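Residue-level listing of the chains:
2 protein chains.
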Amino acid sequence: MHLDTPYYAVIFTSTRTVGDNGYASMANLMEEMAKQQPGYLGIESARDNIGITVSYWKNLQAIADWKQQTEHILAQKKGISDWYGSYKVRICLVEREYSFSKEN
Amino acid sequence: MHLDTPYYAVIFTSTRTVGDNGYASMANLMEEMAKQQPGYLGIESARDNIGITVSYWKNLQAIADWKQQTEHILAQKKGISDWYGSYKVRICLVEREYSFSKEN
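Chains as they are written, first to last, in our numbering: chain F, -4 to 99; chain Y, -4 to 99.
The following block holds chain F by itself, in its conformation from the complex (with noise of 0.2 Å):
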């Protein structure tokens, strides 16, 4: 996924509650919800001891047009009630990068 600078990135760093309690689905289905937004430009995850997603943006005003959609805002507050111990969300410039990729 390449993507031309400046655009922004939302780093979204959590720990999980035991249990699954309808995270996974609700996981996936903000995700597919988030693909239609615009100004959505992709979304990497990977978890172990904790969680890491990254989403990238267009710009400030498509993470804010996400953040109060309607369905994302009831699974956040199903997120602080049920699925987080504890999240932190960080919103940031990309102002560069770079890449290397293996040859087959």
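The hints are simulated quantities; they were obtained by calculation from the structure and are not laboratory data.
You can trust all of the hints, since none of them are fake.
The list treats identical chains as interchangeable, and a pair is accepted whether it falls inside one copy or across any two copies.
In silico SDA-like links for lysine to any residue, alpha-carbon gap of 25 Å or less: (1) K97 - G14; (2) K97 - F7; (3) K62 - Q32; (4) K83 - E98; (5) K30 - I45; (6) K30 - S9; (7) K83 - N44; (8) K73 - A41; (9) K97 - G17; (10) K97 - L69; (11) K53 - K83; (12) K53 - N23; (13) K83 - E27; (14) K30 - K53; (15) K72 - Q31.
Keep in mind the model is a prediction, meaning the values are calculated, not measured.
For this one, chain F is given, so just place chain Y on it according to the hints.
The following block gives chain Y in isolation, referenced to the frame of chain F:
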């Protein structure tokens, strides 16, 4: 980990090659060495299908200095020759952050 904005984040996303090949011990060593660098603020990692490591730095000079650190240069070369199928590095200015933590 609370940090006062603005500061910098380096988002390193990667896919691994098959087998450890000395990767885990070098990754631990590099994390320990990064912590000794001037301007280092923190690091967070998770891996499942992909790996995401985010390191936090006081400014661009601190990031540039760590990239040029002697042992780190050797590790970067081994990364390209042995450990990574692909990776991407994003240099980001963290403009704003907020967090949630459950009370015990």
